Amino acid sequence: MKPRDRSLPAPAGIMPCDGQQGDCSHCGPLFPERFPILTRRLGGRPLVYLDNGATTQKPEAVIAAEARYYRENNANVHRGMHTLASEATDLYEDCRAHVARFLGLGRSGRVVITRGTTSALNLVARGLAHKLRPGDEILVTGMEHHANLVPWIRVAKNEGLVLRHIPVTDGGLLDLARLGDLLGDRTRVVALTHVSNVLGTINPVAKIAAEAHRRGALVVVDAAQSVGHLPVSLDELGADLLAFSAHKAYGPMGLGFLAGKLDVLEELDPLESGGEMIETVTMEDATWAEVPHRFEAGTPNVGAAAAFPHALDLMDEITLERLRTHEISVTGYAWDRLSSLGGLTLYGPADPSHRGGLISFHDPAVHAHDMAQLLDARGVAVRAGHHCAQPLHKRLGVVATTRASFAMYNSHDDIDALVDAITYARSIFAS
Amino acid sequence: MNAGMDDLYREVILDHHRCPRCREPLAHVDAQAAGKNPSCGDEVTLELAFEGDRITKVSVRTSGCAIATASGSILGELVPGRTEAEASRLAEAFRQIMHSDDGELADELDPGDLEVLTGVRNFPVRVKCALLPWITLLEAVAAHREGRPGGESTTEV
Numbered sequence: 493m494k495p496r497d498r499s500l501p502a503p504a505g506i507m508p509c510d511g512q513q514g515d516c517s518h519c520g521p522l523f524p525e526r527f528p529i530l531t532r533r534l535g536g537r538p539l540v541y542l543d544n545g546a547t548t549q550k551p552e553a554v555i556a557a558e559a560r561y562y563r564e565n566n567a568n569v570h571r572g573m574h575t576l577a578s579e580a581t582d583l584y585e586d587c588r589a590h591v592a593r594f595l596g597l598g599r600s601g602r603v604v605i606t607r608g609t610t611s612a613l614n615l616v617a618r619g620l621a622h623k624l625r626p627g628d629e630i631l632v633t634g635m636e637h638h639a640n641l642v643p644w645i646r647v648a649k650n651e652g653l654v655l656r657h658i659p660v661t662d663g664g665l666l667d668l669a670r671l672g673d674l675l676g677d678r679t680r681v682v683a684l685t686h687v688s689n690v691l692g693t694i695n696p697v698a699k700i701a702a703e704a705h706r707r708g709a710l711v712v713v714d715a716a717q718s719v720g721h722l723p724v725s726l727d728e729l730g731a732d733l734l735a736f737s738a739h740k741a742y743g744p745m746g747l748g749f750l751a752g753k754l755d756v757l758e759e760l761d762p763l764e765s766g767g768e769m770i771e772t773v774t775m776e777d778a779t780w781a782e783v784p785h786r787f788e789a790g791t792p793n794v795g796a797a798a799a800f801p802h803a804l805d806l807m808d809e810i811t812l813e814r815l816r817t818h819e820i821s822v823t824g825y826a827w828d829r830l831s832s833l834g835g836l837t838l839y840g841p842a843d844p845s846h847r848g849g850l851i852s853f854h855d856p857a858v859h860a861h862d863m864a865q866l867l868d869a870r871g872v873a874v875r876a877g878h879h880c881a882q883p884l885h886k887r888l889g890v891v892a893t894t895r896a897s898f899a900m901y902n903s904h905d906d907i908d909a910l911v912d913a914i915t916y917a918r919s920i921f922a923s
Numbered sequence: 002m003n004a005g006m007d008d009l010y011r012e013v014i015l016d017h018h019r020c021p022r023c024r025e026p027l028a029h030v031d032a033q034a035a036g037k038n039p040s041c042g043d044e045v046t047l048e049l050a051f052e053g054d055r056i057t058k059v060s061v062r063t064s065g066c067a068i069a070t071a072s073g074s075i076l077g078e079l080v081p082g083r084t085e086a087e088a089s090r091l092a093e094a095f096r097q098i099m100h101s102d103d104g105e106l107a108d109e110l111d112p113g114d115l116e117v118l119t120g121v122r123n124f125p126v127r128v129k130c131a132l133l134p135w136i137t138l139l140e141a142v143a144a145h146r147e148g149r150p151g152g153e154s155t156t157e158v
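These protein sequence lines map, in sequence, to chains A and B. Heads up, the first sequence is in the working numbering, so the first residue is 493 and it goes up one at a time. Heads up, the second sequence is in the working numbering, so the first residue is 2 and it goes up one at a time.
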């Protein structure tokens, strides 16, 4: 398969990324030939997909596995005595085991399969509500995606809780100097994002988790922007519960995970009830199945679960270390090139080793929506808007930003295309 | 520029975006309304002054993308001098045409630069940007007719 527009010979010096930091002066893409969508052309130009923070593209192995499941194995899980039901159940449970291994879960860890990060975080917030008393405190951060903010706002309102947040510094970091004041004896939960979906900041989760645990609070981590981009280990982060989506890590949509410690998961009230999540039911009462099944009422997305291990296998094949090195190289190159354009405000830490693979920027002369539209006309797909982080944008003093976010198949060439497209957009608006 | 972008970012639109008309707040306000599209953050503040049922002055201050800003500017150019009913008719006709695949604004509406803005309907996600000032106008006119202080409007549903 021919990756993107490679009809021209590669200029001298353009090498596939070998993942060796320092040798990445002009990184080519990693495994672009595995992603069929990258052969698409838009308006005669090759697709330059830089909206990976919203969702990554899917490798052929994932697409084929989901199709294969529906062609060969489709049946409902955990019920039925027939062969297909058994195969479907095996595929579904194999996904759970793969994820547990990928996150380095030990014997006391469990993985709940959800629809995505949002449903996992809603399960946590609402599942913990019964444990919380009026006046108890929840600590979040000023850089949360709405998915890790709005569920806490709702629970706080319903239960009379106090919702506090760690503020964001002008440099786009969490203001840890405030942590001591914000963590109190009544802090029950600290919920924070691992990597900001706007700033790119990698938060010092382990450090914050240690403080939180000292106060007896639970630590909930939104890992939507980190899994698939950097090594994520529940234990190393010190997380009690951790949520992420398959589709932002080269997997299918409609599938996510809540990983956590068994004793913490056992404290959660199930959000949904019905079939699949019970042990016994009478006309008057019901008892819950074991964790994690008690949180998986109804028929899950088995096709997606059958496919996701192939995305994890791809990352294992590359290794997360090499993937991370590649993204640091692409992000660093993007930061330098965007900075040298002049007039753009770039958000978050400048050092690419302190940030995930994304950069949000603001151009005072071109509104983010106009920017994204004009970039699209050049085949460059980015996201524009508040990225489901309105409070953070208020803190930044802008309504909307444009975000370029990267994945394994992005290269320095893609960044050059981005910069050319921004120059084009600016030329339209130049008076 | 490729053909698509030609439709969207016509020179007339860019000119209105660069130099929006009628941004000055009015000394005397008979009706007002605020329009907002929360998902993109576009905001329009609209003020009207009347003599009888005729709109004499308009102030339209848009904070948003080029399409919303240009649409507000065109509104500021077209609406003064029209009666309440004529202005509403133009706004309704524009709304209707932006939600249809073809047709154009009737000449008798004297649509001016608004005709150019109808090209935005080829970009469905941007239609709400073009409509926001006009929906806000309809709200201000309705408020005036009903003797209300004016309300809020949105083109997002």
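One or more hints might be untrue.
Each computed DSS-like pair below joins lysine-lysine, with the alpha-carbon atoms no more than 30 Å apart [claimed, not checked]:
{"#": "1", "chain 1": "A", "residue 1": "K649", "chain 2": "A", "residue 2": "K699"}
{"#": "2", "chain 1": "B", "residue 1": "K37", "chain 2": "A", "residue 2": "K649"}
{"#": "3", "chain 1": "A", "residue 1": "K886", "chain 2": "A", "residue 2": "K753"}
{"#": "4", "chain 1": "A", "residue 1": "K753", "chain 2": "A", "residue 2": "K623"}
{"#": "5", "chain 1": "B", "residue 1": "K37", "chain 2": "A", "residue 2": "K886"}
{"#": "6", "chain 1": "B", "residue 1": "K37", "chain 2": "B", "residue 2": "K58"}
Some but not every residue of chain A turned toward chain B, in silico, with C-beta under 8 Å [said to hold, decoys possible]:
{"#": "7", "residue": "D862"}
{"#": "8", "residue": "G877"}
{"#": "9", "residue": "H878"}
Just so you know, these hints were derived from the structure itself, not from any lab. Quick caveat, the model's predicted, so the values are computed rather than measured. Heads up, the beta-carbon is just placed ideally off N, CA and C, and yes, glycines get one too.
Holds or violated: B:K37 to A:K886, with C-alpha atoms at most 30 Å apart: Roughly 16 Å between the alpha carbons, so the hint for B:K37 and A:K886 holds.
Holds or violated: A:K753 to A:K623, with C-alpha atoms at most 30 Å apart: holds, 17 Å
Restraint check, 8 Å cut-off on beta carbons, for A:D862 near chain B: holds, 5 Å
Per-residue hint verdict: A:H878, partner chain B, C-beta under 8 Å: holds, 7 Å
Agreement of A:K649 and A:K699 with the hint, judged by alpha carbon distance not exceeding 30 Å: holds, 29 Å
Restraint status (C-alpha distance of A:K886 to A:K753 at most 30 Å): Not satisfied, since the Cα-Cα distance of roughly 35 Å exceeds 30 Å.
Restraint status (C-alpha distance of B:K37 to A:K649 at most 30 Å): holds, 26 Å
Pair hint outcome, B:K37 versus B:K58 [Cα-Cα no greater than 30 Å]: holds, 22 Å
A:G877 as chain B interface residue, shortest Cβ-Cβ below 8 Å: Holds, because the Cβ-Cβ distance from A:G877 to chain B comes to roughly 6 Å (cut-off 8 Å).
Of the numbered hints stated above, the single one contradicted by the structure is hint 3.
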